[in-house]
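Fit chain D to the given chain Z structure using the hints.
2 protein chains.
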Amino acid sequence: MKVDVLISPSELSSVDLRGMAVVVVDVLRATSTIVTALANGAAEVVPVETPEEALRYRLGDPAALACGARGGKPVEGFGLGNSPVEYTPERVEGRRIYLTTTNGTEAIRKAFERGAGEVLIGAFLNLSSVCDELRRRGRDIALICAGKEGRAGLEDLVFCGRCIERLGDEAELTDGAVIARIASRSFADVKEALLSSQHGRYLVSIGFERDIDFCAREDLFDLLPTAEPGDLIRITASPRCPTAPSQAPPRGCRA
Amino acid sequence: MKVDVLISPSELSSVDLRGMAVVVVDVLRATSTIVTALANGAAEVVPVETPEEALRYRLGDPAALACGARGGKPVEGFGLGNSPVEYTPERVEGRRIYLTTTNGTEAIRKAFERGAGEVLIGAFLNLSSVCDELRRRGRDIALICAGKEGRAGLEDLVFCGRCIERLGDEAELTDGAVIARIASRSFADVKEALLSSQHGRYLVSIGFERDIDFCAREDLFDLLPTAEPGDLIRITASPRCPTAPSQAPPRGCRA
Numbered sequence: 001m002k003v004d005v006l007i008s009p010s011e012l013s014s015v016d017l018r019g020m021a022v023v024v025v026d027v028l029r030a031t032s033t034i035v036t037a038l039a040n041g042a043a044e045v046v047p048v049e050t051p052e053e054a055l056r057y058r059l060g061d062p063a064a065l066a067c068g069a070r071g072g073k074p075v076e077g078f079g080l081g082n083s084p085v086e087y088t089p090e091r092v093e094g095r096r097i098y099l100t101t102t103n104g105t106e107a108i109r110k111a112f113e114r115g116a117g118e119v120l121i122g123a124f125l126n127l128s129s130v131c132d133e134l135r136r137r138g139r140d141i142a143l144i145c146a147g148k149e150g151r152a153g154l155e156d157l158v159f160c161g162r163c164i165e166r167l168g169d170e171a172e173l174t175d176g177a178v179i180a181r182i183a184s185r186s187f188a189d190v191k192e193a194l195l196s197s198q199h200g201r202y203l204v205s206i207g208f209e210r211d212i213d214f215c216a217r218e219d220l221f222d223l224l225p226t227a228e229p230g231d232l233i234r235i236t237a238s239p240r241c242p243t244a245p246s247q248a249p250p251r252g253c254r255a
Numbered sequence: 001m002k003v004d005v006l007i008s009p010s011e012l013s014s015v016d017l018r019g020m021a022v023v024v025v026d027v028l029r030a031t032s033t034i035v036t037a038l039a040n041g042a043a044e045v046v047p048v049e050t051p052e053e054a055l056r057y058r059l060g061d062p063a064a065l066a067c068g069a070r071g072g073k074p075v076e077g078f079g080l081g082n083s084p085v086e087y088t089p090e091r092v093e094g095r096r097i098y099l100t101t102t103n104g105t106e107a108i109r110k111a112f113e114r115g116a117g118e119v120l121i122g123a124f125l126n127l128s129s130v131c132d133e134l135r136r137r138g139r140d141i142a143l144i145c146a147g148k149e150g151r152a153g154l155e156d157l158v159f160c161g162r163c164i165e166r167l168g169d170e171a172e173l174t175d176g177a178v179i180a181r182i183a184s185r186s187f188a189d190v191k192e193a194l195l196s197s198q199h200g201r202y203l204v205s206i207g208f209e210r211d212i213d214f215c216a217r218e219d220l221f222d223l224l225p226t227a228e229p230g231d232l233i234r235i236t237a238s239p240r241c242p243t244a245p246s247q248a249p250p251r252g253c254r255a
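Each protein sequence line maps, in turn, to chains Z and D. Under the working numbering, the first residue of the first sequence carries the number 1, and numbering increases by one thereafter. Under the working numbering, the first residue of the second sequence carries the number 1, and numbering increases by one thereafter.
One should not assume that every hint holds.
Chain copies aren't distinguished; within one or between two, either way the pair holds.
Unchecked claim - With a straight-line cut-off of 30 Å between C-alpha atoms, the simulated DSSO-like cross-links for lysine-lysine are:
| no. | residue 1 | residue 2 |
| --- | --- | --- |
| 1 | LYS2 | LYS191 |
| 2 | LYS73 | LYS191 |
| 3 | LYS110 | LYS191 |
| 4 | LYS73 | LYS2 |
Everything labelled a hint here was simulated from the structure, so no lab data went into it.
Bound-form chain Z, shown alone:
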């Protein structure tokens, strides 16, 4: 099993993802928000790039929510912002969410262009769910850091390193993966890593330290969100299924 880490989404132009298990990670905050929304019962998340797109799609879909932010600030006409803690069951249960997220949407879209069949959505909040699934599949793996505007993000790289540690010692690592593991090992504490990143410091500066605390929580949810390709990317979640057949599967379990 080979593990590759794309330290920035710019590297997507240089890879062929056909046949690989592919994960996109954007810890601060797109994938943390997607995981939280789906864990709290949202029907699906549709990532789009601009607030205008989100509002246009919601026009034809009045039960849906248009969500997200620009530069960390709320968008007029939007139901919720970019902060995962806003996505409570009361607000999202059963609803479709059009979420504006430049970096996350772009990384997922480009992964499909490079041959990914589906894209798993990773965050510290569902770290074990993602890594257990990758180990179960046993295929070559590509972990893609969404970063920011085509550049590397420390927080995403540390997620990749934590994931690699859980895949065991027999995995064959590319240089990107070796770098991710080194980065992860240099932070004992996830929150410290997030606070060391440029985007983490920016979020603190505009008053979102509670989001850092939340996004740093490992394995708060046991959930595997999966993005499917299409004109619109649709992300739905399969709660991970119990391995013992005697246990009742959780609601929505697809296995």
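Leaving out everything else, chain D in the frame of chain Z:
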């Protein structure tokens, strides 16, 4: 002073290099070879992408050498390969060298497209020359890892981290620069870092361990090669000048 590290040349599409001091590094082996050739008296190095280009330019310039390799193997009709240890004074003194190097040439060319006025050439062989010059200039800095085929290379990242350590504590670091420093600190020994990289292991597998030993030597040369933009990129070296005015400047000193 802000220090940015582009972990792969793919990130060049996302940056504006105008006004910055820019370094391209391709430790294994393009920039190590360029530094060695110029230190041993080559008149200039002209990096080109393909062997055909190198041979075509040499046709109109019979005193020049067409050099480089493909996949680590020699090219028919070429004077020298990609191995820096081949570039002895006897072979290169006073000559122009057309050097084929895909990753290095591409990174330098793209740096000019993104606004770099000139590009410094960095390798462990001239680490202090480059870092002293960057500190002297006091401008914002972009260190660009040439890597391999648009992907990150561990060996180049460790160079960037070593360089950042020499710039002092007051530099403001991007996430890429923080990651480079973490990578550098995880290797006490440069050779160990090179042997941990994918390309380093590949070079050992095809019999070039002597190149790893050579490219890992820090500060073997006190030399600052600089690439100037143009239809052809020309790289010449200024031996670094003595700071005490009483000392005679070395041959070729431009200060």
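message: I want to check one pair: LYS2 and LYS191. Are their C-alpha atoms no more than 30 Å apart within a copy, between two copies, both, or neither?
response: The answer is both: 28 Å in one copy and 24 Å across copies each meet 30 Å.
message: My question is about LYS73 and LYS2: at a cut-off of 30 Å on alpha-carbon distance, are they close within one copy, between copies, both, or neither?
response: Cα proximity of LYS73 and LYS2: across copies only (26 Å, versus 40 Å in one copy).
task: Could you place LYS73 and LYS191 in one of the four classes (within, between, both, neither) given a Cα distance threshold of 30 Å?
output: within (22 Å within a copy, 47 Å between copies)
- prompt: Is it within, between, both or neither when you check LYS110 against LYS191 at 30 Å Cα-Cα?
  reply: within (29 Å within a copy, 36 Å between copies)
Comparing the model with each earlier hint shows no violations; every hint is respected.
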